[in-house]
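Assemble the complex: chain Z is given as a structure, and chain G must be docked to it using the hints.
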Amino acid sequence: MGTEKIYSAIFSDDDIKWQSIIYELIRSKKIDPWDIDLNKFSQEYLKTIENLKKLNFRISGKVVFAAAIMLKIKTKHLGLDDFILLSDEKDEEVLEEEYFDDEYLDPDEEKIMKLSKHIRHNTKKKYLIKPRLEGPRKRKVTVVELMDALKKAIEVDRRREKRKAKAKIVVPDKIYEAKKDLLPKKIVEIREKLSKLFKLNKREKIAFSNLLNEHSPKERVEKFLPILHIANGGEIHIHQEKPFSELLLEVLDERD
Amino acid sequence: MKEIKAKIEALIHCKALDLDSLSKHTGIAKKGLLKNLINELIEEYKLRESGLKIINRDGKYKISVRDEHVDTITEAARPEIDKAVLETLAYIAHKKMIRQADVVRIRSNKSYNHIKELVEKGFIESKKDGRSKKLTPTRKFYEYFKLPENEEI
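As you go down the protein sequences, you meet chains Z and G in turn. Here the first sequence is numbered in numbering that gives the first Met the number 0, starting from 0 and rising by one per residue. Here the second sequence is numbered in numbering that gives the first Met the number 0, starting from 0 and rising by one per residue.
Bound conformation, chain Z alone (with noise of 0.2 Å):
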């Protein structure tokens, strides 16, 4: 957002003005217009906006912002110009004159102006403060601290590739490999017990809810592993009419 855009968005009018807002804390004695305590101005802005019972946020917004331009007028006018004299951006206070010089200047504004104008000579007057000392100094990086810097990086990286390399090591569940010895007994038992079945069966289909025993989760699974086992090498048939109803079991061995 341009500069101009911003202050023509705060210019522009609200049903209450910020501008209004201020001229009734000066008239109510609140705040000194010849030295504007901005945090005692923004409170007693906040205040009034309470008692309006109104919160709007456009107006709060404006209200900062004017915050904003106010205290950058004191602090250049509190001698503190030579912080910004080598900015690249354009002077604040040049483009706020350019405004205020602007021929669409409504009575309020030209308020404003005399009043911002009223500020810059007072605190001027009244708080001339030396610019404070400069901070420390830049200097050049060497060779050696580049190289420190480079060996640091690389025990980063070297600690990083240790910890991919450490995650990288899949432990065994032991658990899942004890049960996967047991699988070739338990394919060898059900596939006992599916043509002791289908003979007592007279060759029709079993259900596989015969083979179980405790119809527990854990048994279903237990069994159906090897089911899965006999029926891939082509012993048995799987077949199940509906999706989640009961499992049929073929054996095509016996048949043949």
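Check before you lean on any hint, since a few could be wrong.
Among chain G residues calculated to face chain Z with C-beta under 7 Å, some are [as the list claims (entries may be wrong)]:
{"no.": "1", "residue": "I72"}
{"no.": "2", "residue": "R77"}
{"no.": "3", "residue": "P78"}
{"no.": "4", "residue": "Y90"}
{"no.": "5", "residue": "H93"}
{"no.": "6", "residue": "I105"}
Worth flagging that the hints you see were computed from the coordinates, not collected in a lab. Note that CB positions come from ideal geometry on N, CA and C, so glycine has one too.
Coordinates of chain G only, in the frame set by chain Z:
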């Protein structure tokens, strides 16, 4: 002339400035004159064997500490490049050419800002490479650290 020279000295003590900015701040429109005055200042610094020198980096003049005194001021002054940024720069220079994605993978997400700063300062060059960027140290990097361009670091 003495006064203008003093103004130039004060200005380039604060910040690296090119002739345009110096002209703006001193009110001297003739850039040739400004350049002559800067050259005079450079000679004066040399003659009195000052601990400072005037450098011209990319057309910007700045008062800097003489190389032989850099070790002396190590503790007193902050380095121009922050520690973490310097580590990223050292890593890129060590690899000579590296993809930005690899730098970020190794040096964390913060290195996006480091890379941005290093590109702005002209220490590394960033060229588009597919979905990532290829980063290489620039000539300025080798000049700054006084390293030969093909030096392995």
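Evaluation of the provided hints:
1. I72: Holds, about 5 Å.
2. R77: holds (5 Å)
3. P78: Check passed: Cβ of G:P78 comes within 5 Å of chain Z, closer than 7 Å.
4. Y90: At about 4 Å, which falls below the 7 Å cut-off, the nearest Cβ of chain Z leaves the hint on G:Y90 intact, so it holds.
5. H93: holds (5 Å)
6. I105: Check passed: Cβ of G:I105 comes within 5 Å of chain Z, closer than 7 Å.
The structure meets every hint from the earlier list without exception.
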